[in-house]
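Asks: Chains B, W and F supply the protein sequences, listed in that same order.
Counting along the first sequence from 1, when you hit position 251 you're at 251 in the working numbering, and nothing is skipped either side.
Counting along the second sequence from 1, when you hit position 27 you're at 27 in the working numbering, and nothing is skipped either side.
Counting along the third sequence from 1, when you hit position 286 you're at 286 in the working numbering, and nothing is skipped either side.
Wrong hints could be hidden among the right ones.
Note that the list lumps identical chains together, so a pair holds whenever it fits in one copy or between two copies.
Heads up, simulated DSS-like pairs for lysine-lysine below, C-alpha to C-alpha not over 27 angstroms straight-line [as the list claims (entries may be wrong)]:
1. K20 with K243
2. K29 with K260
3. K29 with K164
4. K6 with K290
5. K253 with K174
6. K6 with K156
7. K29 with K245
Simulated from the structure, these hints should not be mistaken for laboratory data.
Residue-level listing of the chains:
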Amino acid sequence: MLSFQKLLKGEQISKEDLKKLFNQADIYKDKLANSERIKDLDGKILASLFFEPSTRTRFSFESAMYRLGGNVISLENGASSSIKKGETLDDTGRVIDQYADIIVMRHPQPNSVEEFSKYVNSPVINAGDGENEHPTQSLVDLYTIYSEINTLDNLKIGVLGDLKYGRTVHSLVKILSNYNCSFEFISSEDLKIPNDIKELIERNGNGFNEHEKIDPEVINSLDVLYVTRVQQERFTYYEDYLKNKDLCFLDRKHISDPNKLIILHPLPRVDEMDRSIDNLPCAKHFDQVKYSIPIRMSLLYLLASQN
Amino acid sequence: MLSFQKLLKGEQISKEDLKKLFNQADIYKDKLANSERIKDLDGKILASLFFEPSTRTRFSFESAMYRLGGNVISLENGASSSIKKGETLDDTGRVIDQYADIIVMRHPQPNSVEEFSKYVNSPVINAGDGENEHPTQSLVDLYTIYSEINTLDNLKIGVLGDLKYGRTVHSLVKILSNYNCSFEFISSEDLKIPNDIKELIERNGNGFNEHEKIDPEVINSLDVLYVTRVQQERFTYYEDYLKNKDLCFLDRKHISDPNKLIILHPLPRVDEMDRSIDNLPCAKHFDQVKYSIPIRMSLLYLLASQN
Amino acid sequence: MLSFQKLLKGEQISKEDLKKLFNQADIYKDKLANSERIKDLDGKILASLFFEPSTRTRFSFESAMYRLGGNVISLENGASSSIKKGETLDDTGRVIDQYADIIVMRHPQPNSVEEFSKYVNSPVINAGDGENEHPTQSLVDLYTIYSEINTLDNLKIGVLGDLKYGRTVHSLVKILSNYNCSFEFISSEDLKIPNDIKELIERNGNGFNEHEKIDPEVINSLDVLYVTRVQQERFTYYEDYLKNKDLCFLDRKHISDPNKLIILHPLPRVDEMDRSIDNLPCAKHFDQVKYSIPIRMSLLYLLASQN
């Protein structure tokens, strides 16, 4: 039993929830490795509602549902769908609720998934509501760290890139601040981590430092380096974008000991990092995609079976 | 055995067909309520062809197919599909016929589904061909009435809103006129029920009245009130639309005894009715969505298994 | 065991491969005819990636996968997908590889599927990469000939229409030149078969003739006539298109003995042939669609099970 039936934001996931989710994910990871046929959600239907396209996230959830023996009704691109025409989100919720046992929804509008979910009896998972939240990306990040380092406790976490707007960064830092982690924030002046997050870290009794450029010594002190994309659309002037992007570019030579840390990235990446890093033992950004299946299976199963 | 193998228009559904469809739907409704796993169409494939998007109808059919243990190949938005480029509907029919055991098709062009179906050996269901027909919406409406009132016979049916263009209204009235029902038509002068339908009612020996505004006493005399949307695109002048819409708006105060009737609406709704009506016992417009699954399961099963 | 794990172009398919593929396809053809439930890929997932829409090819693969008891995650129209935004094909490959057991991909860009496949461990099938290759269409063509005539050896093959640009024609001729077949190429001056293909035929010790219009005597000498579409976009001037199209139009009166040959067409057709030909015993262009299911099942199964 998880503490929530609708997963709308990262803060809902308690330490106890995370433990249950990881335990079940570990079971599925082993079964998948042995090509075991799983039927835990046999006969159940997932509604996969993407009101803006996101093939990566959609495929990850749909693959997870099929691996559980379930079925999927899928809206690939709701932007061109009639479902939006004049209909309010509450009516859409009441309708979709009749077609499925569990619902995953992405929508460009912040808080839309929450509004929708109020009128739904089935479990609902927010797969991204605009700039607001994307809690299962945090689950994937956390499960990757847990799988690779065996713990979330007492880690030193570096976060590089766009710390101001990146919703996945905010969720991740908030959750890890419950695990006695300390943080090294590396970003330009323009993209610094918001004050409310720094205050939360302090309230939880943890430390952090801020850096305006990449320092190999700082990198070498980390357990985890989380790299994010600097997005051009955040800047009025293209030169500002270029300057910020270059400041945050992770070079091969920044990494002195590639066995000492792990590197994560929520993907897609454009040119935030030297591609030769892909071949280092620390590179775990594609393993994250692999871990996304058992952890999303775990979430789907625990939500759909408690209903 | 139904009397048709291709369901193209409401008039094809005989009283005998309706009885068989309702009986099978009742069986499925009970099994779904008990979360029983159904495998009546195990291994069968539904082709779900939407040449214009309609997430609601598509999801209803695809959910029904999965609940029967079958699989679905799905065209979400055929408007952007290559299948239409230069190819005639007969060739499309001959091709799709090879991929599936049963076909559901929506298309913006009137009579396109009938043309397509001539070249198909598998069962075909019209899921809406432009302004022409949408016979399974009528099935859903009728099954809702039957489930809630236990009969279709000798009812007093009110129909409110756009009675001129609404294809679902026309099919519903035609079929119910075989069940000794009488009708109260409530619409503005501009949106009155067509003469051929009034003539059919009279030929079948039933009565009807026409009203140009909502009268609480008329509402109070009804068994069923069917509300439809007044569509802006029907009017040249916006003021005409507003006037018509306001005349047909169903207010909470129009309903003196909310236990005496049931209210239906084919959805989506915009602002045809006071939202507080949702909480009354007479509000069955979202139950219709729920009933859509067992009745569509019944139709899919009876058609696919007789092949 | 096939000689390839990624099917990118027709030339990869050896005579030994073709034998294995046909044998397995024959097994599936019989089981489908007996409505036997097949579970050879039970629990497996196909990623069906269409970066440009092609409902016909997509449905054929997805239907084949469901007939094998597998499941499908499907991208209907990747042109509107976020997956392309700034992401390189190698990263897309590494990501999708985590979601599926086998991947089918269509992409408008030549060689894109090959580039993608380099970063994928699972089997990959090219379902068309722009003007470049579409090897499973050749498989369908060959399996149709084999099923209808019982051999590929020593046949006289006529090819009519656009012999210059048609990718399916090139693959087909290349493969059949390994089977001691001779060829009659019928096309206008503008659309003649390329020299490298003529050279390959000669190297393989086979003969060919070229014709600039349809000669009933030539048609009457054939075992197989393969008709292709002349595409307007190949011509700068509309009159040139019309002239070429008319030269290549197959009339009913061109066929003196409709029991002597079989006629194939990769579809969709526009107006390359007299529609009354559809009713002749030689017309096999819609049977090709039917044969596409067991041969694609065979390919999916042999690739996915050797992994």
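Asks: Would you mind marking each hint as holding or not holding in the structure?
Replies: Outcome of the hint check:
In this assembly of identical chains, K20 and K243 lie within 27 angstroms of each other by CA distance neither inside one copy nor across copies; the values are 43 angstroms within and 58 angstroms between. Taking the shortest alpha-carbon separations for K29 and K260, only the intra-copy value of 25 angstroms comes in at or below 27 angstroms, while the best inter-copy value is 56 angstroms. For a Cα distance limit of 27 angstroms, the shortest separation of K29 from K164 qualifies neither inside one copy, at 34 angstroms, nor across copies, at 51 angstroms. For the identical chains of this complex, K6 and K290 are neighbours both inside a copy (24 angstroms) and across copies (21 angstroms), given an alpha-carbon limit of 27 angstroms.
When the C-alpha separation of K253 and K174 is checked against a cutoff of 27 angstroms, the pair qualifies neither within a copy, at 30 angstroms, nor between copies, at 50 angstroms. In this assembly of identical chains, the alpha carbons of K6 and K156 never lie at most 27 angstroms apart, being 31 angstroms within a copy and 42 angstroms across copies at closest. In the homo-oligomer, the alpha carbons of K29 and K245 never lie at most 27 angstroms apart, since the shortest distance is 36 angstroms inside one protomer and 57 angstroms across protomers.
Consistency note: the structure conflicts with the earlier hints numbered 1, 3, 5, 6 and 7.
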